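**Q** Numbering (this note's numbering), first residue to last: 3 to 180.
Please keep in mind that the hints were generated in silico from the structure rather than gathered at the bench. It is possible that part of the hints are untrue.
What the hints assert, rightly or not - Here are the computed lysine-lysine pairs in the DSSO-like style, where the Cα-Cα straight-line distance is at most 30 angstroms: (1) Lys111 x Lys158; (2) Lys135 x Lys111; (3) Lys158 x Lys104; (4) Lys135 x Lys158.
The structure displayed is predicted, hence computed values, not measured ones.
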Amino acid sequence: MGAKVSLEESEDGQTTVVIRLSNKVHSLKGIRETSRSEEPQKLDGENETAERDTQLSSNGPKHLEVNEDVVVKAVTAMIEEHLADANLNVQLLTELTGFGTKLIYRRVKSVTGYTPVNYIRQLRMRRAAVLLKQGRFAVSEVMYMVGFSTQSYFSKCFSQTFGMSPVEYARQNVQQLP
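Kindly generate the complete structure, drawing on both the sequences and the hints.
**A** Given below as structure tokens:
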């Protein structure tokens, strides 16, 4: 079981983080209680106790709880909602979601392969790429829109992610507006 995270752009230029889950969840409260106790419990609308799936990784099999992707979904939603906030960090995510720091770290790392800090950065970079492709904003505007306050650090992170500077990326990928 794993989450598929993607960015989708609507016709009006809005970008949305889309997370596709394989399980239906009926109660976030039940999930938080399950997540905090780390024991599989019965969820509203679920049969029996929470099943465990096995995911193979380079370190061998990992057991993931059914509700694991819901933690990542909640974290991703909060990141997307607060993307422009330069102070967005794991501590703020714990306050916004109600999940503990260790739980967020473990779940985000196991589902996405990124630490929470790197996951925030990746979502920011993907959003920056979408905005730069639109060609409606200057690089400095995009930088602020995705939560960076220093142009050199934004350029460094962007170059590490996409192999070119934000200016080069915009020049090569700008979409022709109708």
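**Q** If you test the structure against every hint from before, which numbers come out violated?
**A** none
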